[in-house]
Amino acid sequence: MITHYLSHPFSGDETKNRAEAEAIQRELQEKYPDVLYISPIANFKALESMEYYKIMMYCLCLLDYCDGIVMTGRYRESRGCMMELSHASQKGMPVYVYDGETYRLLSSEEVAH
25 MITHYLSHPF SGDETKNRAE AEAIQRELQE KYPDVLYISP IANFKALESM EYYKIMMYCL
85 CLLDYCDGIV MTGRYRESRG CMMELSHASQ KGMPVYVYDG ETYRLLSSEE VAH
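Residues in the sequence shown are numbered consecutively from 25, following my numbering.
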């Protein structure tokens with residue numbers, strides 16, 4: 025089964041962002057049952073009191089096990105999402121974006137901007 029890492033902003037309004045990420049994961053999992061969506065927000069809930077960079081290290085390690093990454097929410101404004109995007113790009117992973125309606129593969133030029 026293909027695995028896609030679900031990148032979504034968390035910092036800021038954490039309750040709202042967690043709820044949005046959960047809804048997106050549920051929606052995508054129902055639409056694409058042959059893809060397993062991995063949400064680091066859900067996976068690392070128990071670690072939320074740890075240092076930011078330590079959690080990000082765990083997130084990037086988890087990302088390494090996935091076949092692609094899906095950027096969601098206002099990811100361009102999120103330091104963590106941009107770290108995940110950069111990491112996935114450096115590893116040559118396919119990068120997708122989902123805006124609530126459209127699910128598409130980003131070109132290398134779009135990833136770079």
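Everything labelled a hint here was simulated from the structure, so no lab data went into it. Check before you lean on any hint, since a few could be wrong.
[What the hints assert, rightly or not] Taking lysine-lysine and the DSSO-like style, the derived pairs with C-alpha atoms no more than 30 Å apart in a straight line are: (1) 115 to 69; (2) 78 to 40; (3) 40 to 69; (4) 40 to 55.
[Claimed, not checked] Cβ-Cβ distance ranges computed for the label pairs, FRET-style: (5) 127 to 106: 32 to 38 Å; (6) 106 to 126: 19 to 25 Å; (7) 132 to 88: 16 to 22 Å; (8) 73 to 126: 33 to 39 Å; (9) 103 to 73: 28 to 34 Å; (10) 78 to 25: 15 to 21 Å; (11) 68 to 132: 27 to 33 Å; (12) 46 to 118: 19 to 25 Å; (13) 126 to 69: 27 to 33 Å.
Every value quoted in this text rests on a predicted model; they were computed, and no experiment measured them. Using N, Cα and C, we set each Cβ at its ideal position, and we do this for glycine too.
Outcome for the supplied range 33 to 39 Å, where the beta carbon pair is residue 73 and residue 126
holds, 36 Å
Quickly compare the C-alpha distance for residue 40 and residue 69 to 30 Å and report which way the hint goes.
holds, 14 Å
Verify the proposed pairing of residue 115 with residue 69, using a straight-line Cα cut of 30 Å.
Within the cut-off at roughly 26 Å; holds.
Between residue 132 and residue 88, does the C-beta distance stay in 16 to 22 Å?
20 Å Cβ-Cβ, so the 16 to 22 Å window holds.
Just tell me: holds or violated, for the beta carbon distance of residue 68 and residue 132 against 27 to 33 Å?
This hint holds: roughly 29 Å between Cβ atoms.
Is the Cα-Cα distance between residue 78 and residue 40 30 Å or less?
holds, 23 Å
Within 15 to 21 Å: is that where the Cβ-Cβ distance between residue 78 and residue 25 falls?
Violated - the Cβ-Cβ distance for residue 78 and residue 25, about 29 Å, lies outside 15 to 21 Å.
CB-CB spacing for residue 126 and residue 106 relative to the 19 to 25 Å hint
holds, 20 Å
Assuming the hint says 27 to 33 Å, is it satisfied by the Cβ distance from residue 126 to residue 69 or not?
holds, 28 Å
So the hint says 19 to 25 Å: do the beta-carbon atoms of residue 46 and residue 118 match that?
This hint holds: roughly 23 Å between Cβ atoms.
May I ask you to test the hint 28 to 34 Å on the CB atoms belonging to residue 103 and residue 73?
violated, 19 Å
When you check the alpha-carbon spacing of residue 40 and residue 55, does it fall within 30 Å?
Satisfied, since the Cα-Cα distance of roughly 23 Å is no more than 30 Å.
In summary, the numbered hints that this structure violates are 5, 9, 10.
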